[in-house]
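First to last, the sequence lines map onto chains E and P.
Numbering-wise, the first sequence is residues 2 to 116 according to this note's numbering.
Numbering-wise, the second sequence is residues 2 to 113 according to this note's numbering.
It is possible that some hints are incorrect.
[Stated by the list, open to error] In silico BS3-like links for lysine-lysine, alpha-carbon gap of 25 Å or less:
1) E:K56 - P:K69
2) P:K77 - P:K100
3) P:K69 - E:K42
4) P:K108 - P:K69
5) P:K100 - E:K65
6) E:K42 - E:K67
7) E:K15 - E:K56
8) E:K42 - P:K108
9) E:K15 - E:K65
10) E:K21 - P:K58
11) E:K67 - P:K100
12) P:K77 - P:K108
13) E:K42 - P:K82
14) P:K58 - P:K108
15) E:K21 - E:K67
Hints in this document: simulated from the structure, not taken from any laboratory.
Just so it is clear, the structure is predicted and the values come from calculations on it, not from any experiment.
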Amino acid sequence: GAVVSQHPSWVICKSGTSVKIECRSLDFQATTMFWYRQFPKQSLMLMATSNEGSKATYEQGVEKDKFLINHASLTLSTLTVTSAHPEDSSFYICSCQGPNTGELFFGEGSRLTVL
Amino acid sequence: GQNIDQPTEMTATEGAIVQINCTYQTSGFNGLFWYQQHAGEAPTFLSYNVLDGLEEKGRFSSFLSRSKGYSYLLLKELQMKDSASYLCAVRPYSGGYQKVTFGTGTKLQVIP
């Protein structure tokens, strides 16, 4: 079964609105979660590293004020796309590092479409 | 910086064997992953190599040579459902929860 749950799977919103995506680790506590974005026919691009109880670390070129990350507990991280625009339409995927082997477990992904 | 190279596309015949290569140049090394990703879905874990050599898991095998910065994923007895993108990913640093960098992926098409 899934060890990382992501919600919602699909979301369509109007330009200018905000969208929140949740990522939950189900079987273990994850002090660190990673948020990726994937455009069609491209690979996963790391957006930010979410750290429980502290500020997220953003990759170069990712606007921290636009992509708000909150990691309030050891099992939940949220990504909020603020004032979404059509160019933000993408597949957003979270992942957590497993406690033993270091394997990355991925959520199911959230497909965002901004109209 | 990190640089990971893999072929963009490959085509193979059902029942055959295919090898997908990955070369990397990273600042330090602490493991290489292979993931399978079907269109519109999240990646699923295939293998993890941290030491040199071949890791076999059913129809899938992964090889690593750290001195050459090289890995390959070997798929045997190809099935139509193996048509997917295969992502090579490297964790560059040792210790702690270090971010993983993904290659651009190899889109494999299995034909009858």
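Checked hints:
1. E:K56 - P:K69: violated (37 Å)
2. P:K77 - P:K100: Between P:K77 and P:K100 the Cα gap is close to 30 Å, so the pair fails against 25 Å, i.e. violated.
3. P:K69 - E:K42: violated (28 Å)
4. P:K108 - P:K69: holds (24 Å)
5. P:K100 - E:K65: holds (18 Å)
6. E:K42 - E:K67: Since the Cα atoms of E:K42 and E:K67 sit roughly 24 Å apart, the hinted pair holds (cutoff 25 Å).
7. E:K15 - E:K56: The given pair, whose Cα atoms are some 28 Å apart, is violated under the 25 Å limit.
8. E:K42 - P:K108: holds (9 Å)
9. E:K15 - E:K65: holds (21 Å)
10. E:K21 - P:K58: Since the Cα atoms of E:K21 and P:K58 sit roughly 38 Å apart, the hinted pair is violated (cutoff 25 Å).
11. E:K67 - P:K100: Since the Cα atoms of E:K67 and P:K100 sit roughly 21 Å apart, the hinted pair holds (cutoff 25 Å).
12. P:K77 - P:K108: Since the Cα atoms of P:K77 and P:K108 sit roughly 16 Å apart, the hinted pair holds (cutoff 25 Å).
13. E:K42 - P:K82: Between E:K42 and P:K82 the Cα gap is close to 19 Å, so the pair holds against 25 Å.
14. P:K58 - P:K108: Cα-Cα ~21 Å, so holds.
15. E:K21 - E:K67: Cα-Cα ~12 Å, so holds.
Hint compliance for this structure: hints 1, 2, 3, 7 and 10 are broken, all remaining hints hold.
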